[in-house]
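*Asks:* What follows is each chain in one-letter form.
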Amino acid sequence: MPGHATARDVYRQALPVILVSLVAGLFAGTILGTETMRSFIADVPGLLLLLPAFLATRGGVYGSLGARLSTGLHQGLIEPQFQLDRRLTNAIVASFINGMSVSVFIAVVTYLWLDLLGSDGSLLELVGIMVVAGFLSAVLMISVLITVIFVGYRRGLDPDNVIGPVVTTLGDVFGVFFLLVGVVVVGGVI
Amino acid sequence: MSAPRDASQTADRPLPDEWSIPRIVRTMVPLLAVLSVLQLVSGTVLQTYEATLVQYPALLVLVPVQIGTAGNLASITCSRLTTQLHLGTYELSLANPELRANAGAVFALAGTVFGIVGVAAWAIGLALGGALGLERVLLVSLSSGMLLAGLVVVTSVAAVEASYRVGLNPDDTTIPVVTNVCDIAGVLILFAVVTLVV
Chain A
1369 MPGHATARDV YRQALPVILV SLVAGLFAGT ILGTETMRSF IADVPGLLLL LPAFLATRGG
1429 VYGSLGARLS TGLHQGLIEP QFQLDRRLTN AIVASFINGM SVSVFIAVVT YLWLDLLGSD
1489 GSLLELVGIM VVAGFLSAVL MISVLITVIF VGYRRGLDPD NVIGPVVTTL GDVFGVFFLL
1549 VGVVVVGGVI
Chain B
310 MSAPRDASQT ADRPLPDEWS IPRIVRTMVP LLAVLSVLQL VSGTVLQTYE ATLVQYPALL
370 VLVPVQIGTA GNLASITCSR LTTQLHLGTY ELSLANPELR ANAGAVFALA GTVFGIVGVA
430 AWAIGLALGG ALGLERVLLV SLSSGMLLAG LVVVTSVAAV EASYRVGLNP DDTTIPVVTN
490 VCDIAGVLIL FAVVTLVV
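Read top to bottom, the protein sequences are chains A and B. Per my numbering, residue 1369 is the first one in the first sequence, and the count goes up by one each step. Per my numbering, residue 310 is the first one in the second sequence, and the count goes up by one each step.
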């Protein structure tokens, strides 16, 4: 919209998206604040260190998958239904690879940084937690994104307007939750 | 992130295969790696305050909202200014009505969000066994939120202005950079305020 929007117009347009991300953030924060998660934070060195990176990359990986699918739909390159189409499967496989490799990368960098700061973390534990959390996020985010984008598109919703809130909400809420699951699983295995 | 940009840039050239797996992975992974290293700055701050955070769950509840909201506000401001830039109506001046409307809206949005978050974080913190009073949680939330709004406006305008002068398309570079910088600054500001108040 060119030119003359007033502060009130901008406020009104932005408020819904901001409120959605607010509610998501509060859910994520509540999971973070639970007794269980606080004891994990105290017990697992590096958990707080990797948290912002883990949450931020969810947005990067799955936001870009959403943008890619949306562009493909608008250009008519992919069909709004799940089928074994080369473009669709490539986009999914690539975002899965991105999500997993970045998760492992974060675990390794966190371990190195902890080492540099003079605290002792366990590389195996951090990588394990990130693999579990990264894998669960990938499965959830990819399936929900595809469903929402395709169903929305068939009903006349512009995917570009849907991707942002969906990725932010699910990414934050389930990111923190899957991190918790990761700690539990790795704690059980090691 | 990269899909719309590539599509518009290559509109009149033969398309490289935008849908090949190695190509998608090669474009995204370096970007994501840099992003996660940047986010370690926030992580380090969180780690430093580990004891305080574990003691006061209300502050932990504030963290994800603080991380997300700054970036959201920055991306709204940047994309609106960028649109103006593309339309040729952008001007770095206090008289620019779009600039004033944006700044006003960012402060109003921050007031709304961080007011709600302050009360919610206090209540949730209480339920989770915390002992921080409403005034203090609200003070932390609102004052860090307002500082953040100021920072978002200044950073976004500076970034759009800089990319305009250097001749970079702000859609490609400014928004991802500013969004992440503001997210990180959000955490820094939150804990600067926490140090003063709690």
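Hints are computed from structural coordinates only; laboratory data are not their basis. Any given hint could be a false lead.
[Stated by the list, open to error] Simulated restraints, written as ranges between beta carbons of each label pair: (1) A:L1387 x B:H395: 37 to 45 Å; (2) A:I1558 x B:V343: 29 to 37 Å; (3) A:D1528 x B:V343: 21 to 29 Å; (4) A:V1519 x B:T353: 37 to 45 Å.
[As the list claims (entries may be wrong)] Going by beta-carbon spacing under 7 Å, a handful of chain B positions derived as facing chain A: (5) L355; (6) T361; (7) N381; (8) A410; (9) V463; (10) A467.
From the three backbone atoms N, C-alpha and C, an ideal C-beta is built for every residue, glycine too.
*Asks:* Looking back at the numbered hints, which does the structure fail to meet, lowest number first?
*Replies:* 1, 6, 9, 10
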